[in-house]
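Chains as they are written, first to last, in this note's numbering: chain A, 1 to 262; chain B, 1 to 303.
Hints listed in this document are in silico derivations from the structure and should not be mistaken for laboratory results.
None of the hints are false.
Quick partial rundown of chain A residues pointing at chain B, CB under 7 Å, derived from the structure: (1) Ser-46; (2) Pro-48; (3) Leu-49; (4) Leu-50; (5) Gly-222; (6) Ile-225; (7) Gly-226; (8) Cys-228.
Distance condition first, Cα-Cα at most 25 Å in a straight line; then the derived SDA-like pairs of lysine to any residue: (9) A:Lys-95 <-> B:Lys-88; (10) A:Lys-200 <-> A:Ala-185; (11) A:Lys-69 <-> B:Pro-64; (12) A:Lys-200 <-> B:Pro-56; (13) B:Lys-84 <-> A:Arg-234; (14) B:Lys-135 <-> A:Trp-243; (15) A:Lys-95 <-> B:Glu-53; (16) B:Lys-88 <-> A:Ile-3; (17) A:Lys-200 <-> B:Thr-203; (18) A:Lys-69 <-> B:Ser-65; (19) B:Lys-84 <-> A:Glu-248; (20) A:Lys-69 <-> B:Asp-200; (21) A:Lys-6 <-> B:Ser-65; (22) B:Lys-88 <-> A:Asp-249; (23) A:Lys-95 <-> B:Pro-32; (24) A:Lys-6 <-> B:Tyr-33.
Virtual Cβ for every residue (Gly too), placed ideally from N, Cα, C.
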Amino acid sequence: MAIDRKARIRDVKSWGDYYALAIDAPAVGREARPGQFVMVKVADNSFPLLRRPLSIHDAGEWGIELFFKVAGLGTGILAGKKPGDALDILGPLGKGYALGEGVRGRRACLVGGGRGIAPLYFLGRELQARQAVVTVLYGGRSESDIPLRKKFEAAGLGLRCSTDDGSCGFAGLATDLLRGEIDRAAPDALYVCGPDAMMKAVAELSRARGIPGQFSLEALMGCGIGACWGCVHRIRNESGDGWVKICEDGPVFPGEKIVWTE
Amino acid sequence: MTDLTIDLGFLKLRNPVLTASGTFGYGLEFEPYLDLGKLGGFVVKGLYFHPREGNPPPRLVETPSGLINAIGLQGIGVEAFAGKILPKLRALDTAVLVNICGGDDDEYIAVTEFLDRQEGIAAYELNISCPNVKKEGLCPALFPESTFNLVRRVKAVSLRPIIVKLSPNVTNITEIARAAEEAGADALALVNTFLAMAVDIETRRPRLGNTFGGLSGPAIRPLAVRMVYQVASRVGIPVIGMGGIMTGADALEFLIAGAAAVEVGTANFADPDAAVRIVREIEAWCETHGVARVRDLVGTVKT
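When you get a sec, could you build the whole thing from the sequences and use the hints?
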């Protein structure tokens, strides 16, 4: 982990409220693992005061790519960045998806919703490189919520889409799509990131069908490095359960450890 | 070369910059980002006797140039601190201060007595002012009597100097400050966070799980500077100032207003290396302004 104060934006893409920033940040890119995140400074003038946690969408020797949806002040400012602009990045942070050595030939099913698709591209490529059989289920409200469809298709990541309104792919929830996928292809493991309601439903399915799942949790973070204890989620442990820091012990947790609340 | 050292009477500091309790974890979290030996010292996260659960999320909400937190002092308790953290802190070349908490007076005493048996602690910061652990932000620092009684009891057992951390959520902070001084406090630290609230207008619910939280960050700095000035001019013990310090200039403002040292808090979240940057900025300012000893600036505000 490092602070790269001279990261430079190489490319900006946008689709409505969704943005992808490619950033030259070799030190961060080289260390990054799928499911990890970075804390991005959005303003120099203390408004907003805090960095924004964004998951790493892709990474390489050159740097990282971030993918996000404009949701407020911070992401709004980031959306206004142009190629050539400098960015102050802290990371990579947190514990990502556990990949293990034994994924070769195994069926990996990645389930993402909305902006939660972000880490699954990096993860999908990594699993692919380790010769797992990858399927990606990508859900959104309508076609405009799945802007990365072509990118996943081009990468040969076995993409299947779902939209609530049927404007693209399967008409229904990503969870319904997953149910069919389990019947059809019997995946060995699930890797999930998306809205809480979606992840909760996938977690129930994961338990009911006995397929292990890893879930990436999201929270407003104060520091991203485990110092403020602001980003906690209820996690099971040896002595019951307790508030655990998402930034340090996560953001990815095994499904059986996560206590889902309303 | 500017002389940055500060003498609090009971403790000599390499420079006037400490980091504030609750914003710096147990210190070790920051090792990848800064040299802890370059700090004047740091104050570790508040410790209760036993591990503490903390408040339900959401625990943070950002406001203009500010942050409201309602962590609720989640923490590992004194045994885990002494066993797992303190041995590593002892190896550092910097002053380690420990923030002491208690659900009641007896717990403050128990934490103090436990820590008295541990080596490697320079002083205690007595946290009588956390707004997030009882209803309506209630804490001993809200009243002169409860401040006096608690400080006197802890002073009577403590083998180490006591810095009493005051709450800004009072009508007359000098009254509380003098109660702490009369009870034997070796120094005062102010201010803790301002009791605050934010509401989500769509759900019409409080934006914090605990309803109320404590506001910190640049938004509170002028309020904190005013209180430090008021207290420093009316007590005879050192005052450690804090509240929204983001830069060397902000720190200098507190020193000139009367603080003998400062604590950097919320800035550590935005920049994990903020505290050492602030030390550098203070030094650079002193050099360009011909200030030979930073301690000569303390309390030099002209009014």
